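Asks: Top to bottom, those sequences are chains A and B.
Each residue of the first sequence is one higher than the one before, starting from 104 at the first, in my numbering.
Each residue of the second sequence is one higher than the one before, starting from 104 at the first, in my numbering.
Misleading hints may appear alongside valid ones.
Just so you know, same-sequence chains aren't split out, so a pair can sit in one copy or run between any two.
[As the list claims (entries may be wrong)] Here are the simulated lysine to any residue pairs, SDA-like style, with alpha carbons at most 25 Å apart: (1) Lys190 - Asp203; (2) Lys122 - Asn167; (3) Lys182 - Pro133; (4) Lys132 - Gly174; (5) Lys111 - Asp177; (6) Lys190 - Arg127; (7) Lys122 - Glu134; (8) Lys190 - Val113; (9) Lys111 - Arg125; (10) Lys122 - Asp215; (11) Lys182 - Ile214; (12) Lys122 - Pro133; (13) Lys132 - Glu183; (14) Lys132 - Leu114; (15) Lys111 - Ser156; (16) Lys122 - Asn176; (17) Lys117 - Asp177.
Honestly, the hints are just simulated from the structure, not real lab data.
Every value quoted in this text rests on a predicted model; they were computed, and no experiment measured them.
This is what each chain is made of:
Protein chains: 2
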Amino acid sequence: MALIRNYKEVLEQKVNEGKGVRVRWLISKPEGAPNFAMRLFTVEPGGYTPFHSHPWEHEVFILNGEGELVGENDTMPFKEGDAIFVKPLEYHQFKNTGDDDLRFICVIPIID
Amino acid sequence: MALIRNYKEVLEQKVNEGKGVRVRWLISKPEGAPNFAMRLFTVEPGGYTPFHSHPWEHEVFILNGEGELVGENDTMPFKEGDAIFVKPLEYHQFKNTGDDDLRFICVIPIID
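With the sequences and hints as input, model every part of the structure.
Replies: Right under this line is the structure:
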């Protein structure tokens, strides 16, 4: 039987890196996901995720708000309705540059 | 360098199965995605995806609208903000039961 739950029903956790970032793990290993995990991030106005890189990719969809993606050599704006692909090992940081919360879906592979 | 593009910039294709279903492949193999693909589906009022099953899972996030997930033995309602996990081999069908377009993100593994 499929699992359906509203994102508001999922525990929201503070992310210790960056500033003003919270995460909800919507679908992941505990739910039986075999390959990839879907998370919902909220970044407060003025907040940002850590500037870092890792061996796995991000596939992101911007639900609300606007911001900037900071890379090693460039900074690119994004807004509601944008899809963002961050390649493995690519440095990246998501900054909220707007007046409202920035909310986005971010999918990563499950690595055992 | 990361890829950013609005979903409206992505070619929208008619899905031949089901009724009133269109899909945009936001991030997939052509964009360099190594593990999973992110698609955006639109289902018109009264429309539905095919009732079927396959060996791969779905991880879904409902962006707008409302509908019903039809399974082999049950039917469950869903609405905006819901996350849905359909397990591998599980029969499923997404029906739009509302008056507006139903739009959702659906992520699947890339199978070579």
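Asks: Each of the hints needs a verdict: does it hold here or not?
Replies: Verification of the hints:
no. : hint            : result
1   : Lys190 - Asp203 : neither (27 Å within a copy, 35 Å between copies)
2   : Lys122 - Asn167 : within (18 Å within a copy, 29 Å between copies)
3   : Lys182 - Pro133 : between (31 Å within a copy, 23 Å between copies)
4   : Lys132 - Gly174 : between (29 Å within a copy, 22 Å between copies)
5   : Lys111 - Asp177 : between (34 Å within a copy, 24 Å between copies)
6   : Lys190 - Arg127 : both (22 Å within a copy, 20 Å between copies)
7   : Lys122 - Glu134 : neither (28 Å within a copy, 30 Å between copies)
8   : Lys190 - Val113 : between (27 Å within a copy, 19 Å between copies)
9   : Lys111 - Arg125 : within (13 Å within a copy, 28 Å between copies)
10  : Lys122 - Asp215 : neither (28 Å within a copy, 39 Å between copies)
11  : Lys182 - Ile214 : neither (29 Å within a copy, 30 Å between copies)
12  : Lys122 - Pro133 : neither (27 Å within a copy, 34 Å between copies)
13  : Lys132 - Glu183 : between (28 Å within a copy, 23 Å between copies)
14  : Lys132 - Leu114 : within (15 Å within a copy, 32 Å between copies)
15  : Lys111 - Ser156 : neither (29 Å within a copy, 29 Å between copies)
16  : Lys122 - Asn176 : within (22 Å within a copy, 45 Å between copies)
17  : Lys117 - Asp177 : neither (28 Å within a copy, 36 Å between copies)
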